[in-house]
Amino acid sequence: MTKSVLEVDSVQKQYDGKIILSDVYLKCETNNIIGVLGRNGSGKSTLLKIIFGIVIADFKFVRIDGEVKSKTSELLHQISYLPQENFIPNLFSVKKAIVLSIPKDKLDEFYADEMIQSILSKKVKHLSGGELRYLEIKIILNNPSKFVLLDEPYNGLSPIIIEKINELIISISKEKGIIITDHNYENVIKVSTKLVLMKEGKLHHLKDKNELVEKGYLKLGMI
Amino acid sequence: MEFTIRKLANIFEFYKSTLTITISISVLAGVFGGFETFKLVLVVFGYFISVLIKEVNAVNEYLFYCNNGISKLQLIVCGFLMNFVFSALLILGFSLILKNL
Numbered sequence: 001m002t003k004s005v006l007e008v009d010s011v012q013k014q015y016d017g018k019i020i021l022s023d024v025y026l027k028c029e030t031n032n033i034i035g036v037l038g039r040n041g042s043g044k045s046t047l048l049k050i051i052f053g054i055v056i057a058d059f060k061f062v063r064i065d066g067e068v069k070s071k072t073s074e075l076l077h078q079i080s081y082l083p084q085e086n087f088i089p090n091l092f093s094v095k096k097a098i099v100l101s102i103p104k105d106k107l108d109e110f111y112a113d114e115m116i117q118s119i120l121s122k123k124v125k126h127l128s129g130g131e132l133r134y135l136e137i138k139i140i141l142n143n144p145s146k147f148v149l150l151d152e153p154y155n156g157l158s159p160i161i162i163e164k165i166n167e168l169i170i171s172i173s174k175e176k177g178i179i180i181t182d183h184n185y186e187n188v189i190k191v192s193t194k195l196v197l198m199k200e201g202k203l204h205h206l207k208d209k210n211e212l213v214e215k216g217y218l219k220l221g222m223i
Numbered sequence: 001m002e003f004t005i006r007k008l009a010n011i012f013e014f015y016k017s018t019l020t021i022t023i024s025i026s027v028l029a030g031v032f033g034g035f036e037t038f039k040l041v042l043v044v045f046g047y048f049i050s051v052l053i054k055e056v057n058a059v060n061e062y063l064f065y066c067n068n069g070i071s072k073l074q075l076i077v078c079g080f081l082m083n084f085v086f087s088a089l090l091i092l093g094f095s096l097i098l099k100n101l
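As they're listed, the protein sequences go chains Z and G. Going by this note's numbering, the first sequence opens with residue 1, and the numbers climb by one from there. Going by this note's numbering, the second sequence opens with residue 1, and the numbers climb by one from there.
With the rest of the complex left out, here is chain Z:
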């Protein structure tokens, strides 16, 4: 299987004169799970939105397999994005949301899941918060993109569903590159193959999780 490379370079973003992102560089390859950690308001979500193309940066370069992608429409075919808020139209049935997103040859595999089977006949608006988040994450991970951006996937989920999601992320990373950000740092550390820390607009590439303490994101004993 050929490896794909997503490179985000020289990202700069200011809001009301305040620097949110300054000269950010991030590289993600197939098989990578990059954990982006950082305090509230550090610019993690903004970075993911800029990569996906739904927030305009003051300056950015996004390259996929060495080719610069300047139009959002070019990025949408290769990157998928899980926002913090629910995004599947409420009026859809679960089955319709799946059929509209997942290629035919992957449908059987997608349906072979106890939790998906239990919600298949329901409408999206009748799902519980956990069921809907699980469905969204599974759709995002299984659609035909090369890279996946996950913004707070663990938010509001029970430990058992979190464990299922971690298994999904690890399994899908065999064929895709994944960038994940969440305040649930223990699970981010658990699934990530690389860690980066967003601090004061800069992205720090970490060699070891203990650097999270050295750089002031965690306190001693929290890891």
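If you're looking for bench data, these hints aren't it; they were derived computationally from the structure. Take the hints with a grain of salt, since some may be wrong.
What the hints assert, rightly or not - Residues of chain G clear of chain Z, computed beta-carbon distances all greater than 12 Å:
# : residue
1 : F14
2 : V44
3 : Y65
Unchecked claim - Distance condition first, Cα-Cα at most 16 Å in a straight line; then the derived EDC-like pairs of lysine to aspartate or glutamate:
# : chain 1 : residue 1 : chain 2 : residue 2
4 : Z       : K104      : G       : E61
5 : Z       : K95       : G       : E13
6 : Z       : K96       : G       : E36
The structure displayed is predicted, hence computed values, not measured ones. Where a beta carbon is used, it is the ideal one built from N, C-alpha and C, also for glycine.
Please build the complex by placing chain G on the supplied structure of chain Z, with the hints as guidance.
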């Protein structure tokens, strides 16, 4: 090929989601302004009011379509074209019925 069919199905679903508001507004406009107003609202204004309401109430839903490879602009333009064609056919049908009455 399968990707294109899925993309068209996504656009059609988006268009369907605008229909309730478009038709309601058009009928209301028709009641007060007659058949000519009904036609104008059905073809142009109803759709854009529906998109505007979506912009306020369900802006996150665009991300569902973005994740299926369709940008917001593509979705709105293609939805408008679909609305134009279906409205034109509907108006033609109505006109023929009215002519034969």
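So, going through the hints one by one against the coordinates:
Look at F14/G: its CB is around 8 Å from the nearest CB on chain Z, not clear of 12 Å, so calling it non-interface is violated. For V44/G, the shortest C-beta to C-beta distance to chain Z comes to about 24 Å, beyond the 12 Å cut-off, and the non-interface label holds. For Y65/G, the requirement that its beta carbon stay farther than 12 Å from each beta carbon of chain Z is not met, with the minimum near 9 Å. For the hint pairing K104/Z with E61/G, the CA-to-CA distance comes to about 23 Å; that exceeds 16 Å, so the pair is violated.
With a C-alpha separation of about 13 Å, the suggested pairing of K95/Z with E13/G holds against the 16 Å cut-off. At roughly 37 Å between alpha-carbon atoms, K96/Z and E36/G are farther apart than 16 Å, so this suggested pair is violated.
When the structure is compared with the earlier hints, violations turn up for hints 1, 3, 4 and 6 and for no others.
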